[in-house]
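I would like the entire structure built from these sequences, with the hints used as guidance.
Protein chains in written order, with our numbering: chain A, 1 to 358; chain B, 1 to 358.
One or more hints might be untrue.
Below, a list of computed lysine-lysine pairs in the DSSO-like style, where the Cα atoms sit at most 27 Å apart [claimed, not checked]:
(1) K67(A) <-> K186(B)
(2) K67(B) <-> K186(A)
(3) K61(A) <-> K67(B)
(4) K341(B) <-> K45(B)
(5) K158(A) <-> K67(B)
(6) K202(B) <-> K341(B)
(7) K67(A) <-> K250(B)
No lab work stands behind these hints: they were computed from the structure.
Protein chains: 2
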Amino acid sequence: MTKYSAKQWFVKKRTEGNINIQETFELVTKELSTDDLKEGDLLAKGLLFSNDPTQRLWISKDSVEGKLYRAPIVDGELMQTYGIYEILESRNAEFEKGDQVFARGNWADYCILSPDTTGDAGAFLFKVQGDPTALLTFGVTGITAYFGLLHSGAATSKDSTIVVSVAAGATGSVVCQIAKNVLGIKNVVGITGSDAKCEVLKKTCGCDYALNYRSPTFKADFEEATKDEIDLYFDNTGGETLNMALLRMKEHGRVVSCGAISLYDDDDTKGAPVSAGISREAWLQVIYHRVTIQGMLVTDFADQIMKALTDLGTWVAEGKLQLIQDIWEAEIEEVPKGMLKLLRGENTGKLITKVIYP
Amino acid sequence: MTKYSAKQWFVKKRTEGNINIQETFELVTKELSTDDLKEGDLLAKGLLFSNDPTQRLWISKDSVEGKLYRAPIVDGELMQTYGIYEILESRNAEFEKGDQVFARGNWADYCILSPDTTGDAGAFLFKVQGDPTALLTFGVTGITAYFGLLHSGAATSKDSTIVVSVAAGATGSVVCQIAKNVLGIKNVVGITGSDAKCEVLKKTCGCDYALNYRSPTFKADFEEATKDEIDLYFDNTGGETLNMALLRMKEHGRVVSCGAISLYDDDDTKGAPVSAGISREAWLQVIYHRVTIQGMLVTDFADQIMKALTDLGTWVAEGKLQLIQDIWEAEIEEVPKGMLKLLRGENTGKLITKVIYP
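Structure (structure tokens):
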């Protein structure tokens with residue numbers, strides 16, 4: 001029997017409104033023993049955690065059972081994350097000590113990964129092949145970009161204007177690159193929150209226009225960039241930017257509703273329902289211009305993931321797609337700050353927490 | 001040369017907010033002479049006017065060029081309507097005196113119909129065959145129901161729940177009947193604004209549930225009627241009802257966004273933009289449940305209208321579809337009140353103004 005003194009982040013209380021780390025999360029020190037392992041379980045060490053906006057939704061006050069695309073995480077449960085873990089002890093014939101695995105695990109230095117808790121029959125648990133940061137970048141958000149753009153968005157015509165919000169984020173930066181470098185779309189417009197990120201969008205992601213929504217000239221810049229109207233709007237933000245885009249859609253244009261990060265940290269359920277920020281005028285344009293809005297989740301494309309990863313890998317090899325990563329080093333005590341960095345838009349590309357062991 | 005003293009309704013000033021007839025419209029008496037007719041023109045007498053919610057949009061303050069699906073009607077122009085007119089004088093080889101025509105004409109006892117002003121190359125000008133009220137009922141709103149349900153809505157599975165708002169209106173009442181009597185949909189839920197209209201929905205339109213949104217139990221009634229969640233929501237109202245429906249959509253459910261009458265009479269452009277009434281929570285369901293929202297206009301299906309009218313006619317003959325009409329008799333001075341009746345939901349089925357000549 002071996003014992004590990006584990007530090008694990010639990011959800012103490014799902015907070016309303018802007019998230020507060022102290023009130024929401026609690027670091028618990030707990031002794032894990034190899035005796036605790038059931039058949040199939042792994043005792044694992046956290047190496048890299050994927051920071052994804054959707055994690056904010058898992059702990060939203062109004063994400064109740066049946067109103068989220070997965071089981072919500074409730075008060076008193078371990079916080080979850082996609083991540084890369086090293087196997088320290090194995091009771092599973094498929095894995096052995098020293099293996100690195102991709103898993104839906106926990107914010108923890110040491111935790112137990114079980115096929116029961118890593119998703120439907122352990123679907124989110126497999127051995128890492130190749131570069132683990134690339135796996136987090138393409139395996140979670142890259143495939144979202146791939147399916148969102150090519151399937152839900154049905155992007156085809158080169159002579160299009162495609163607008164992408166949260167364009168310098170993990171998903172958006174891949175959408176922009178596929179649109180420009182693979183599909184050869186004429187006008188790719190990326191929206192982000194700083195001039196530095198605009199530079200990345202132009203130099204690395206191939207955007208024809210890179211717009212800073214915090215700029216005083218944003219509205220005019222947006223009108224200039226979309227002067228031919230929008231064929232496809234890939235929405236990661238919801239709210240005001242979605243509203244602006246709806247007002248500029250071409251007839252029969254499409255909106256892929258992939259995320260709504262501007263709304264995630266605003267789950268105030270005390271008073272009146274929080275508005276989605278869509279105006280009467282914008283909604284009428286949906287009718288007048290016969291716009292299609294398509295909600296999408298990558299989970300619908302589970303049977304095509306290998307094809308997607310193969311294509312993404314090929315495009316990397318051909319120089320059409322670059323990994324844009326923001327790797328942040330943190331001791332386990334600091335891990336929840338990654339969620340804040342994401343919600344505040346401090347990252348460029350995929351935000352990955354690299355856990356440091358002192 | 002023959003002269004006619006015509007009474008014609010003009011748009012005096014496109015009003016903001018709730019429409020006010022006195023401020024918005026002006027009745028002008030004008031002398032029309034056969035000498036005024038250009039080649040192709042007809043001098044016509046108004047017999048029946050179709051009352052359609054979309055007419056409110058043609059004169060909305062924020063319906064500016066390029067932001068409506070057709071040319072807006074601006075201050076100082078004649079008010080337009082779809083209607084049935086009798087030809088009094090003809091300078092057009094296709095029509096002769098005494099013919100009854102369907103036209104996009106004017107709110108007027110006497111007016112000039114010109115291929116130039118009745119839509120693209122006179123597309124909205126043709127001779128009436130059969131019952132003229134049936135033509136207004138099926139030719140304008142019935143075909144909207146047909147294409148909205150069968151094409152944009154792609155309704156197929158019998159084991160579905162279909163929810164229809166403004167269900168006792170001209171479009172909604174046809175949607176409900178096709179869903180139940182032609183497609184054999186298991187659960188057809190109609191939403192309307194009075195108990196009397198609920199009776200019509202149940203007895204004539206085949207609704208399994210008929211809900212009065214003004215009832216104090218509406219919310220609970222809605223939850224009961226949609227306990228299996230919604231496969232297809234046919235939206236004619238927008239706003240609060242749309243919001244409720246989005247919160248109850250099944251995974252991969254569809255919304256046909258055909259109208260938004262609850263928003264039409266609310267074009268206050270003085271202050272902040274008027275909200276579409278969609279909450280954060282409802283918008284997130286669009287993503288979580290991968291909902292498709294499809295804006296639709298009947299004009300996209302121009303090449304299939306004869307097929308639609310043939311099908312609708314066949315279903316009438318087979319007893320599967322009933323004409324539900326609300327024919328209101330009015331002297332020309334009272335005609336604008338039809339728009340108010342519609343916006344207040346005073347009609348059951350297709351509201352048609354029959355012009356009385358004293």
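Quiz item: Hint numbers the structure violates, sorted upward?
Solution: Those not satisfied come down to hint 3.
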